[in-house]
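S.K.: Sequence:
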Amino acid sequence: MTRSARADGPRPVRLAFTDVLRLGLLGIRSRGPRAALSALGISLGIATLVLVTAVPASSRQALMNQLSALGTDMLRVAPQGDSDPPVVLPATADAMAARIGPVTHASAVANTHSTVLRSDRADPSDASGIGVLAARTDLLAAVHGTVRSGAFLSTTTARFPTVVLGSRAASRLGFDRVRPGREAGQVYIGGHWFTVIGILDPLPLAPDLDTTVLVGWDAARTQLDFDGHPTVVYVRAREAQIEAVRAVLPATVHPQLPGLVQVSRPSDALAAKRATQRTLSVLLLGLAGVALLVGGVGVANTMVVSVLERRREIGLRRALGASRGQIRGQFLAESVALSALGGCAGTTLGAAAAAGYAMSQSWPVVVPPLALVAGVVGAIAVGVAAGLYPAVRASALPPTEALAAV
1 MTRSARADGP RPVRLAFTDV LRLGLLGIRS RGPRAALSAL GISLGIATLV LVTAVPASSR
61 QALMNQLSAL GTDMLRVAPQ GDSDPPVVLP ATADAMAARI GPVTHASAVA NTHSTVLRSD
121 RADPSDASGI GVLAARTDLL AAVHGTVRSG AFLSTTTARF PTVVLGSRAA SRLGFDRVRP
181 GREAGQVYIG GHWFTVIGIL DPLPLAPDLD TTVLVGWDAA RTQLDFDGHP TVVYVRAREA
241 QIEAVRAVLP ATVHPQLPGL VQVSRPSDAL AAKRATQRTL SVLLLGLAGV ALLVGGVGVA
301 NTMVVSVLER RREIGLRRAL GASRGQIRGQ FLAESVALSA LGGCAGTTLG AAAAAGYAMS
361 QSWPVVVPPL ALVAGVVGAI AVGVAAGLYP AVRASALPPT EALAAV
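My numbering applies: residue 1 is where the sequence shown begins, and numbers increase by one.
Treat the hints with caution; some may be incorrect.
Claimed, not checked - Between beta-carbon pairs, the in silico distance windows are:
id: 1; residue 1: Gln262; residue 2: Thr222; range: 26 to 34 Å
id: 2; residue 1: Ser362; residue 2: Glu183; range: 33 to 41 Å
id: 3; residue 1: Thr155; residue 2: Asp120; range: 22 to 30 Å
id: 4; residue 1: Pro180; residue 2: Ser119; range: 18 to 26 Å
id: 5; residue 1: Arg179; residue 2: Gly129; range: 49 to 57 Å
id: 6; residue 1: Met359; residue 2: Val392; range: 44 to 52 Å
id: 7; residue 1: Val373; residue 2: Leu63; range: 20 to 28 Å
id: 8; residue 1: Gly356; residue 2: Asp225; range: 27 to 35 Å
id: 9; residue 1: Asp120; residue 2: Arg148; range: 21 to 29 Å
id: 10; residue 1: Thr348; residue 2: Pro33; range: 19 to 27 Å
No lab work stands behind these hints, which were simulated from the structure alone.
In this text the structure is predicted, and so the values were computed from the model without any measurement.
By construction, the Cβ of each residue, glycine as well, lies at the ideal position given by its N, Cα and C atoms.
Make a model of the complete structure from these sequences and hints.
M.R.: As structure tokens, this is what we get:
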């Protein structure tokens, strides 16, 4: 046969991508119950992958939150107490500390050297052990504090004779709560009456503030002759940079005498948190790898069985003129579509189960995006790998042999 004769002969029909996809979906619809069971097997494998990844992630986040509550990101800056003459921090020490890049929050308190009494007729010795401190309005954010009753100092109330009591100071002074709508209680400080507007919860990260009375910075200046120099600066910074922040804090808050400034060392909980995070990260990766392997084996087994069972159908289509490429394309499209459906369903199921379990344990809900992506992409990738080999092998069989397959 000449080259021109071969050129004029019949050519194989090329199927468009949409046609191949339609054939694949037709195969799924024509085998509804079996396809549903295959997709269920895939979805359970992917759901396992998402579940064993998300549940430990939520547990780890809950543990990290508990360790963070121990002050892993907080430092306390104060002048040395045994220096002569006493070291005085600059009035803008907290503002200068806030300029350090990794610092997320900085606030300050200052000793007013005043005495607080329950009334102007009380014995001054009755208030022993209760200090009066000037406080910035953003102090609670720096020490992880909360208000038990009433409200904390604001930019408005800080200018007037108002106070907020620490938890133990309130007990000693006879206050249990602030009652809105009733006449507010008052305390006597430095010859002036101050209205109690709030009572704090205990402060585990700054227990020295529990036995203090906090006065607004401006009110302390006008009512108590406060000089405006802070005595303690509380600094919060990003945990990864906490050591670097600690190293530069003395020279930042007191450039003239950095050697006479004391900075607390990072909490021991920070070292424990980092060690725990490294260990749990390795464990999480290991669980994800095992789950992906188990899910992948399940997907591969489901797809291999599904394709091998249809070799007779492949033989019939080959006998009717379908090319090997069309057979491979059809079954590859079917396996990818089936795996994608199962992967999406399994990802949704696993994420919902993980979220439900985390909420039942009062953990934060953490579903790693990588687990969701790995669930869908992994299902598709394994579906391709599992469907391609049997389809290629079956399409390579002669039609008569494929039709005789059981």
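S.K.: Hints first: check each against the structure and report whether it holds.
M.R.: Each hint, compared with the structure:
no.	hint	verdict
1	Gln262 / Thr222: 26 to 34 Å	holds (30 Å)
2	Ser362 / Glu183: 33 to 41 Å	holds (40 Å)
3	Thr155 / Asp120: 22 to 30 Å	holds (29 Å)
4	Pro180 / Ser119: 18 to 26 Å	holds (23 Å)
5	Arg179 / Gly129: 49 to 57 Å	violated (26 Å)
6	Met359 / Val392: 44 to 52 Å	holds (46 Å)
7	Val373 / Leu63: 20 to 28 Å	holds (25 Å)
8	Gly356 / Asp225: 27 to 35 Å	violated (60 Å)
9	Asp120 / Arg148: 21 to 29 Å	holds (27 Å)
10	Thr348 / Pro33: 19 to 27 Å	holds (22 Å)
Of the numbered hints given earlier, the model fails hints 5 and 8; all others are met.
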